[in-house]
Amino acid sequence: MSDCRKLAATLFVFIFFILYSCKHDEAAVKSSDQKFVSSKSTLDTVGFEDEYWKENDTISWKQSQQSEWPVKFGFGAKASAEDITKLDIDVRPDGTGLPSGKGISSEGRKIFALKCAVCHGATGSEGPQNKLVTTWPDTTRDKTIGNYWPYATTVFDYIRRSMPLNAPGSLSDADVYSLTAYLLAQNKIIDSSTTISARNLAKIEMPAKKYYVNDTRKGGHEIR
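Number 134 in my numbering belongs to position 134 of the sequence shown; there are no gaps in the numbering.
None of these hints come from the bench; they were simulated from the model.
You may find that some hints are simply not true.
In silico DSSO-like links for lysine-lysine, alpha-carbon gap of 30 angstroms or less [as the list claims (entries may be wrong)]:
#: 1; residue 1: LYS131; residue 2: LYS188
#: 2; residue 1: LYS86; residue 2: LYS102
#: 3; residue 1: LYS218; residue 2: LYS115
#: 4; residue 1: LYS110; residue 2: LYS131
#: 5; residue 1: LYS210; residue 2: LYS102
#: 6; residue 1: LYS203; residue 2: LYS188
#: 7; residue 1: LYS110; residue 2: LYS209
#: 8; residue 1: LYS143; residue 2: LYS210
#: 9; residue 1: LYS188; residue 2: LYS102
#: 10; residue 1: LYS72; residue 2: LYS131
#: 11; residue 1: LYS110; residue 2: LYS203
With the hints as constraints, model all of the structure from the sequences given.
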């Protein structure tokens, strides 16, 4: 019997606590609402526009205007042939896309010192960014133009589109040809006196090309 009384007393205290809490919360909400209404009245009195009170009017206005919106807003314009030409500058491994012009290593050396050395080092092998020139003996096996790139045209294409990092596209075609000649000469792929142009760049045989093969797999059981 004593246990039953204890349980009843405990339940009574628990229910009383819940009712008291609910009543307290209700009073707090009412107080908050009164303060909010008071603030609203004050704002209206001094001339402030409270967007909260205009929300419903704004939604109704938007809904009424939707039927009058145009199908198209007329943003942008059709790309002209000139616009497309400025962006269509990719160069293929066979040389398709190479522009007119030419360059030589001695000129490329000067441009490299001004535009490239800060990231790739004085000779292209020091860094701190990607190493471009293979040093012999090639003990580090860093992926460079000399030991990894399969096509000489990729050197021209990448420089013209992406370099220098702080101003890509700022180099002239002649500058890019000269830089390409310089980097190929630094990697002992061409002689430093060779003039590079669209006529001969794609014909240059890269040392790493032999490491690449055409993937003729079609998918399925023949793939091991």
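Tested hints:
no.: 1; hint: LYS131 - LYS188; result: holds (15 angstroms)
no.: 2; hint: LYS86 - LYS102; result: holds (20 angstroms)
no.: 3; hint: LYS218 - LYS115; result: violated (44 angstroms)
no.: 4; hint: LYS110 - LYS131; result: holds (18 angstroms)
no.: 5; hint: LYS210 - LYS102; result: holds (27 angstroms)
no.: 6; hint: LYS203 - LYS188; result: holds (16 angstroms)
no.: 7; hint: LYS110 - LYS209; result: holds (29 angstroms)
no.: 8; hint: LYS143 - LYS210; result: holds (15 angstroms)
no.: 9; hint: LYS188 - LYS102; result: holds (19 angstroms)
no.: 10; hint: LYS72 - LYS131; result: violated (50 angstroms)
no.: 11; hint: LYS110 - LYS203; result: holds (25 angstroms)
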